[in-house]
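In case you want the letters, here they are:
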Amino acid sequence: MDKKLTSAIINSAKALFNVLPLLVGVILLVGLTHTLMPKSFYFSTNVVLDSIIGSGLGSVLAGNPLTSYVLGGELLKQGMSLVAVTSFLVTWVTVGLVQLPAEAIMLGKKFAILRNIFSFAFSMLVAMTTVFVLGLL
Amino acid sequence: MKKTEKSYVGWYFLLIVIVLYVIIGLLKIEVLLPSLRFSFKIIKNIVPVFVVIFALLVAFDLFASPYSVRKYLGKSSGFRRWLIAIGGGIISTGPIYMWYPLLKELKKQGIQYGFIATFLYNRAIKLPLIPMMIVYFGLKYTLVLAMVMITISVIQGIIFEKIEGGGFL
Numbered sequence: 001m002d003k004k005l006t007s008a009i010i011n012s013a014k015a016l017f018n019v020l021p022l023l024v025g026v027i028l029l030v031g032l033t034h035t036l037m038p039k040s041f042y043f044s045t046n047v048v049l050d051s052i053i054g055s056g057l058g059s060v061l062a063g064n065p066l067t068s069y070v071l072g073g074e075l076l077k078q079g080m081s082l083v084a085v086t087s088f089l090v091t092w093v094t095v096g097l098v099q100l101p102a103e104a105i106m107l108g109k110k111f112a113i114l115r116n117i118f119s120f121a122f123s124m125l126v127a128m129t130t131v132f133v134l135g136l137l
Numbered sequence: 138m139k140k141t142e143k144s145y146v147g148w149y150f151l152l153i154v155i156v157l158y159v160i161i162g163l164l165k166i167e168v169l170l171p172s173l174r175f176s177f178k179i180i181k182n183i184v185p186v187f188v189v190i191f192a193l194l195v196a197f198d199l200f201a202s203p204y205s206v207r208k209y210l211g212k213s214s215g216f217r218r219w220l221i222a223i224g225g226g227i228i229s230t231g232p233i234y235m236w237y238p239l240l241k242e243l244k245k246q247g248i249q250y251g252f253i254a255t256f257l258y259n260r261a262i263k264l265p266l267i268p269m270m271i272v273y274f275g276l277k278y279t280l281v282l283a284m285v286m287i288t289i290s291v292i293q294g295i296i297f298e299k300i301e302g303g304g305f306l
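Taken in sequence, the protein lines are chains A and B. Mapped onto the numbering used here, the consecutive letters of the first sequence carry residue numbers 1 to 137. Mapped onto the numbering used here, the consecutive letters of the second sequence carry residue numbers 138 to 306.
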């Protein structure tokens, strides 16, 4: 087999394997939450509050976006609003409190801090716009 | 953070969840089986998508490494520059820290922060993972979210250009 292809297969297998413990942990936690928590726990009628909660949660959590899709998808099924889930998905990747020190060292402190602040604020705009556009379609 | 440290975080998290299951099992045994059944249902749903994701990851690893993408970044101007920042962000794979050295080098070569901000924002759109997003949220949602994010990424890029132009960075 081609060396490049072998290396790509190994890298991809490693990438998926690295996601597994976190993903399985999240899925087990979702299962537990599904059984223990009442559905009303996830409901909110305030769009702004929803997006702030979603963005906040996504900002502090980190990892492969795959985990965020599973977690966000399950939260949506449980009744969490689409705005909150979308904010959560967007900040999971665009805001990185865990990576902030590395980003600051490599690309500059001011840039890293400002970029994360803007990304946090924009995540709410993205979520509201997405849900609004979906409502029109 | 090193790769190995990051993978341990996942294992620690899984261990904590297992301990949580044991504690709850001791206190309320009737909760365990429905919780596990629900979790296995989720796993059963996502396993087939993993096969597709794996194939896409292999393809992207072959054609979109930092080394192969590098030649397209930072060589254009105007509207094309935004397209390259968007495209580069979307096709870039692997953890973000793998890309910081390249972005730092491009910055030294004179690329603007606006380009970097747009590139980083578009990393949120992961082509190999799109099948999973479609499974959970549907094709319409996935497309609309991607379009909105691309638009916002350019707006963020323009804002950063203005900030940099004003000497604040």
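Be careful, since some hints might not be right.
Cβ pair distances, simulated, as ranges [as the list claims (entries may be wrong)]:
1) Val133(A) / Ile166(B): 44 to 50 Å
2) Val133(A) / Val188(B): 45 to 51 Å
3) Glu167(B) / Leu125(A): 30 to 36 Å
4) Gly79(A) / Ile166(B): 24 to 30 Å
5) Leu152(B) / Met37(A): 34 to 40 Å
6) Glu167(B) / Leu136(A): 23 to 29 Å
From the structure, some residues in chain A lie toward chain B, with a derived Cβ separation under 8 Å [unchecked claim]:
7) Thr6
8) Asn46
9) Phe111
10) Phe118
Here are some chain A residues the structure puts well away from chain B; computed CB gaps all over 12 Å [stated by the list, open to error]:
11) Leu29
12) Val48
13) Ala62
Simulated from the structure, these hints should not be mistaken for lab results. C-beta: ideal position from N, C-alpha, C; glycine also.
Comparing the hints with the structure gives:
| no. | hint | verdict |
| --- | --- | --- |
| 1 | Val133(A) / Ile166(B): 44 to 50 Å | 47 Å, holds |
| 2 | Val133(A) / Val188(B): 45 to 51 Å | 31 Å, violated |
| 3 | Glu167(B) / Leu125(A): 30 to 36 Å | 44 Å, violated |
| 4 | Gly79(A) / Ile166(B): 24 to 30 Å | 27 Å, holds |
| 5 | Leu152(B) / Met37(A): 34 to 40 Å | 22 Å, violated |
| 6 | Glu167(B) / Leu136(A): 23 to 29 Å | 45 Å, violated |
| 7 | Thr6 | 10 Å, violated |
| 8 | Asn46 | 21 Å, violated |
| 9 | Phe111 | 5 Å, holds |
| 10 | Phe118 | 6 Å, holds |
| 11 | Leu29 | 5 Å, violated |
| 12 | Val48 | 18 Å, holds |
| 13 | Ala62 | 9 Å, violated |
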